[in-house]
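Start from the sequences and build out the full structure, keeping to the hints where you can.
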Amino acid sequence: MATTAEVARNVSQRVHNDGFLGLGRNDSLKQTVRELKDLSKDERNAAIGQISDTDLRALADDVNASGLFGASGLSADERRDLFNTLAQGLDGQQLGRMAQAFDSRQDVIAMGQAVARHADAETKLAFIEEMAPRTANGDSHTQAYLGAVSTETGDKEAEAILDVLNSLGGDAASFNQAIQKMDDKTLQAVVDAGLNKTTTTTVIDPGAATTSVSYDPQQLEKLLEVAKGSADPAVKARVFAAASEGLDQVRADTGFPVGNVGADKVAQSLQGKLTRLMQTDASGITEQLNDAKSINASTQEWLNQLNPWGNMRMYKHYADNSGKPMTLTERGLSVDLKQLVNQDGAFGKEGSIQGRFIQQVIQGETRFKNAYKWGDEMVWAMGSGMLEGEFKGTVVKQDDGAYKITGHIEYHYTDRFEDPYDTFNWVHGSWDPYGTPYDVEERWTVPIDGVYSQ
10 MATTAEVARN VSQRVHNDGF LGLGRNDSLK QTVRELKDLS KDERNAAIGQ ISDTDLRALA
70 DDVNASGLFG ASGLSADERR DLFNTLAQGL DGQQLGRMAQ AFDSRQDVIA MGQAVARHAD
130 AETKLAFIEE MAPRTANGDS HTQAYLGAVS TETGDKEAEA ILDVLNSLGG DAASFNQAIQ
190 KMDDKTLQAV VDAGLNKTTT TTVIDPGAAT TSVSYDPQQL EKLLEVAKGS ADPAVKARVF
250 AAASEGLDQV RADTGFPVGN VGADKVAQSL QGKLTRLMQT DASGITEQLN DAKSINASTQ
310 EWLNQLNPWG NMRMYKHYAD NSGKPMTLTE RGLSVDLKQL VNQDGAFGKE GSIQGRFIQQ
370 VIQGETRFKN AYKWGDEMVW AMGSGMLEGE FKGTVVKQDD GAYKITGHIE YHYTDRFEDP
430 YDTFNWVHGS WDPYGTPYDV EERWTVPIDG VYSQ
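Heads up: the sequence shown runs through residues 10 to 463, numbered per our numbering.
Just to be clear, a hint being listed does not mean it is correct.
With a Cα cut of at most 20 Å, we get these calculated EDC-like pairs of lysine to aspartate or glutamate [claimed, not checked]:
no.	residue 1	residue 2
1	237	254
2	39	64
3	382	296
4	401	374
5	50	112
6	347	458
7	46	87
8	46	36
9	274	257
10	347	386
11	382	427
12	46	86
13	190	100
14	347	296
15	194	139
16	333	428
17	325	296
18	382	408
19	378	353
20	378	296
21	325	254
22	325	339
23	231	214
24	382	397
Quick list of the computed label-pair ranges, beta carbon to beta carbon [stated by the list, open to error]:
no.	residue 1	residue 2	range
25	375	293	45 to 51 Å
26	18	155	45 to 51 Å
27	348	376	21 to 27 Å
28	154	417	37 to 43 Å
29	154	62	52 to 58 Å
Calculated from the structure, these hints are not laboratory results.
Even for Gly, the Cβ is constructed at its ideal location relative to N, Cα and C.
Here it is as structure tokens:
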């Protein structure tokens with residue numbers, strides 16, 4: 010059996026001597042794999058450590074070479090076997106060198122998968138450390154084919170890291186350590202890679218093209234599942250924050266001018282996974298997020314929905330004497346109120362607020378302003394509040410008597426939290442001896458595009 014030094018020397022010699030017309034390449038590669046397998050794990054690591062970066066790149070070129078007969082490189086299965094052998098014996102530093110030598114997207118990701126399956130926890134952590142700085146370039150992979158071009162935007166090293174992170178699902182301590190050592194930019198790159206975003210531009214005719222976006226977030230969703238096993242709220246919060254940025258990307262790709270392939274469903278699925286992660290330690294994660302101020306606006310709105318204000322919290326804001334105005338979004342109640350505006354039978358009336366207003370629009374009345382007892386339908390302490398609506402758009406009567414309505418409704422909710430002790434209005438005016446009243450409002454717009462009958 011060849012010694013460590015002999016194996017290293019043999020590999021370096023073979024990569025520069027593929028025989029006549031390269032016909033000895035395939036046999037040389039298989040001999041290299043056999044010699045590496047014959048070494049112990051420590052010997053295998055030492056042998057690779059003695060091979061120069063230049064020779065490792067030459068080895069990678071040989072492995073991926075195309076050719077006839079003996080001039081070909083390794084098959085996909087043989088290449089996978091080589092990566093598995095390396096993952097079973099090399100430390101993180103040497104695995105990082107191999108991943109740099111095998112620099113194609115396919116090979117780097119395959120190397121990460123091999124490490125995820127076969128390396129021990131210590132090696133996995135070291136591999137992640139080696140790969141982390143290489144995620145900074147944010148590389149992508151573009152393929153052109155007849156009439157179209159598609160681009161995968163996830164960084165290949167980041168995807169390799171993600172596979173290794175996901176393999177730590179049964180080892181919370183190692184997972185925590187990996188996340189703690191990773192800076193925010195690297196973690197975001199890893200999360201973005203987990204979205205598996207592909208942008209495709211298709212040429213319709215000269216001068217005209219369409220662009221569509223698709224996602225396959227299975228790897229990211231698995232990361233969120235693994236994060237649930239951590240007992241460290243800081244770790245969970247960092248994963249949550251990065252994934253929420255990814256969710257924001259998906260939400261941005263759900264309409265014109267970019268078409269989407271199931272982006273709405275992807276966003277819903279990710280939100281569900283994030284919700285379940287939050288539910289494992291809502292107070293701890295929220296506290297960490299607030300301290301770090303690392304949440305985008307849309308995710309903050311959603312977080313508020315997960316923790317909506319109740320009677321006591323509304324009163325506490327009053328009793329704290331800040332007088333700070335609030336929005337329904339900040340209270341986590343905006344979604345419920347918006348749904349109530351469009352809910353048939355709300356407030357014991359036929360139809361919905363919006364439905365009745367559309368009937369007014371048909372009659373030429375484009376504005377309304379009414380008070381509603383929101384506290385009867387939502388949170389008691391809301392009491393009554395004012396809702397205004399204004400339609401802006403066009404109304405066209407069709408030949409069949411129906412109306413084509415196109416435009417939008419601008420809604421404005423207003424209320425003032427005051428006088429909580431005088432429920433029955435025994436005192437004239439507002440009586441606020443133990444708190445400071447505060448205003449509450451919300452503005453939103455609803456698009457209208459449909460055919461309606463009177």
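Do the hints match the structure? See the list:
no., hint, verdict
1, 237 with 254, "holds (18 Å)"
2, 39 with 64, "holds (16 Å)"
3, 382 with 296, "violated (34 Å)"
4, 401 with 374, "holds (11 Å)"
5, 50 with 112, "violated (24 Å)"
6, 347 with 458, "holds (18 Å)"
7, 46 with 87, "holds (13 Å)"
8, 46 with 36, "holds (15 Å)"
9, 274 with 257, "holds (13 Å)"
10, 347 with 386, "holds (12 Å)"
11, 382 with 427, "holds (15 Å)"
12, 46 with 86, "holds (16 Å)"
13, 190 with 100, "holds (18 Å)"
14, 347 with 296, "violated (28 Å)"
15, 194 with 139, "holds (15 Å)"
16, 333 with 428, "holds (16 Å)"
17, 325 with 296, "holds (19 Å)"
18, 382 with 408, "violated (40 Å)"
19, 378 with 353, "holds (19 Å)"
20, 378 with 296, "violated (39 Å)"
21, 325 with 254, "violated (32 Å)"
22, 325 with 339, "holds (15 Å)"
23, 231 with 214, "violated (41 Å)"
24, 382 with 397, "holds (14 Å)"
25, 375 with 293: 45 to 51 Å, "holds (49 Å)"
26, 18 with 155: 45 to 51 Å, "holds (48 Å)"
27, 348 with 376: 21 to 27 Å, "holds (22 Å)"
28, 154 with 417: 37 to 43 Å, "holds (41 Å)"
29, 154 with 62: 52 to 58 Å, "violated (34 Å)"
Against the hints set out earlier in the document, violations occur for numbers 3, 5, 14, 18, 20, 21, 23, 29.
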